[in-house]
Amino acid sequence: DAKTTQPPSMDCAEGRAANLPCNHSTISGNEYVYWYRQIHSQGPQYIIHGLKNNETNEMASLIITEDRKSSTLILPHATLRDTAVYYCIVRVRNDYKLSFGAGTTVTVRA
Amino acid sequence: ETGVTQSPTHLIKTRGQQVTLRCSSQSGHNTVSWYQQALGQGPQFIFQYYREEENGRGNFPPRFSGLQFPNYSSELNVNALELDDSALYLCASSLEGAARTDTQYFGPGTRLTVL
Numbered sequence: 001d002a003k004t005t006q007p008p009s010m011d012c013a014e015g016r017a018a019n020l021p022c023n024h025s026t027i028s029g030n031e032y033v034y035w036y037r038q039i040h041s042q043g044p045q046y047i048i049h050g051l052k053n054n055e056t057n058e059m060a061s062l063i064i065t066e067d068r069k070s071s072t073l074i075l076p077h078a079t080l081r082d083t084a085v086y087y088c089i090v091r092v093r094n095d096y097k098l099s100f101g102a103g104t105t106v107t108v109r110a
Numbered sequence: 111e112t113g114v115t116q117s118p119t120h121l122i123k124t125r126g127q128q129v130t131l132r133c134s135s136q137s138g139h140n141t142v143s144w145y146q147q148a149l150g151q152g153p154q155f156i157f158q159y160y161r162e163e164e165n166g167r168g169n170f171p172p173r174f175s176g177l178q179f180p181n182y183s184s185e186l187n188v189n190a191l192e193l194d195d196s197a198l199y200l201c202a203s204s205l206e207g208a209a210r211t212d213t214q215y216f217g218p219g220t221r222l223t224v225l
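Protein chains in written order, with our numbering: chain R, 1 to 110; chain B, 111 to 225.
These are computed hints drawn from the structure, not numbers from a lab.
This structure is a prediction, so every number in the text was calculated from the model and none was measured.
Beta carbons: idealized from backbone N, C-alpha and C, even for Gly.
Treat the hints with care, as some may be off.
Stated by the list, open to error - Distance ranges between label pairs, derived from CB positions:
1) B:T124 <-> R:T65: 48 to 56 Å
2) R:T79 <-> B:G126: 44 to 52 Å
3) R:A102 <-> B:F170: 14 to 22 Å
4) R:N57 <-> B:L149: 27 to 35 Å
5) R:V92 <-> B:S175: 21 to 29 Å
6) R:P21 <-> B:L149: 20 to 28 Å
7) R:H77 <-> B:H120: 31 to 39 Å
As the list claims (entries may be wrong) - Pulled a few chain R residues facing chain B out of the computed Cβ check, cut under 8 Å:
8) P44
9) Y87
10) N94
11) Y96
12) K97
13) G101
14) G103
My request is simple: use the sequences and hints to build the entire structure.
Following this line, the structure appears as structure tokens:
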């Protein structure tokens with residue numbers, strides 16, 4: 001019952017912005033968009049989440065379209081340490097679980 | 111602020127044995143969720159504990175059980191281990207309740223190998 005669609009992989013150049021797309025065309029009004037990433041063999045790391053407004057923190061920016069059917073995670077200046085699997089998850093705020101899909105494997109190249 | 115910790119980091123067991131994995135939640139958090147991640151797949155939700163009771167459960171058999179203690183730490187117990195139980199087991203903590211933030215923060219995981 002995957003609620004999000006992400007490209008399986010993408011490459012980006014070190015120092016450039018990385019734009020990671022996510023489609024969530026069936027998102028409900030009370031569902032948030034969460035992003036996590038997982039560096040090889042480590043636990044997932046929380047990045048950012050949002051409901052309908054764009055959000056920014058020290059790690060990334062989240063741009064959600066006006067119809068909320070898609071979003072983009074932006075890593076402003078990718079480094080080699082940003083190489084990871086990135087997961088886009090839609091979740092009702094008080095739902096007890098996170099439903100992970102396959103994610104996008106992002107490789108940052110020097 | 112102390113992050114989520116898990117022990118042990120690696121574990122090898124034999125089919126049919128029982129295993130206990132441990133998790134200490136991030137300071138200030140009162141809820142613990144457990145996930146199983148098979149090789150090459152995304153994490154799958156096992157269950158969540160809040161106020162020392164199971165608060166929700168994924169599609170896992172009863173031989174997967176858990177506990178939460180008054181200090182909010184938690185254990186995951188798996189009985190009658192099967193080869194397919196080989197995975198990375200992840201614990202995540204969050205703050206639920208009136209002052210909820212409910213963003214889940216993950217520990218480093220325990221790698222379980224069943225032979």
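We went through each hint and held it up to the structure:
| no. | hint | in the structure |
| --- | --- | --- |
| 1 | B:T124 <-> R:T65: 48 to 56 Å | 51 Å, holds |
| 2 | R:T79 <-> B:G126: 44 to 52 Å | 46 Å, holds |
| 3 | R:A102 <-> B:F170: 14 to 22 Å | 20 Å, holds |
| 4 | R:N57 <-> B:L149: 27 to 35 Å | 31 Å, holds |
| 5 | R:V92 <-> B:S175: 21 to 29 Å | 26 Å, holds |
| 6 | R:P21 <-> B:L149: 20 to 28 Å | 26 Å, holds |
| 7 | R:H77 <-> B:H120: 31 to 39 Å | 35 Å, holds |
| 8 | P44 | 5 Å, holds |
| 9 | Y87 | 6 Å, holds |
| 10 | N94 | 7 Å, holds |
| 11 | Y96 | 4 Å, holds |
| 12 | K97 | 4 Å, holds |
| 13 | G101 | 6 Å, holds |
| 14 | G103 | 6 Å, holds |
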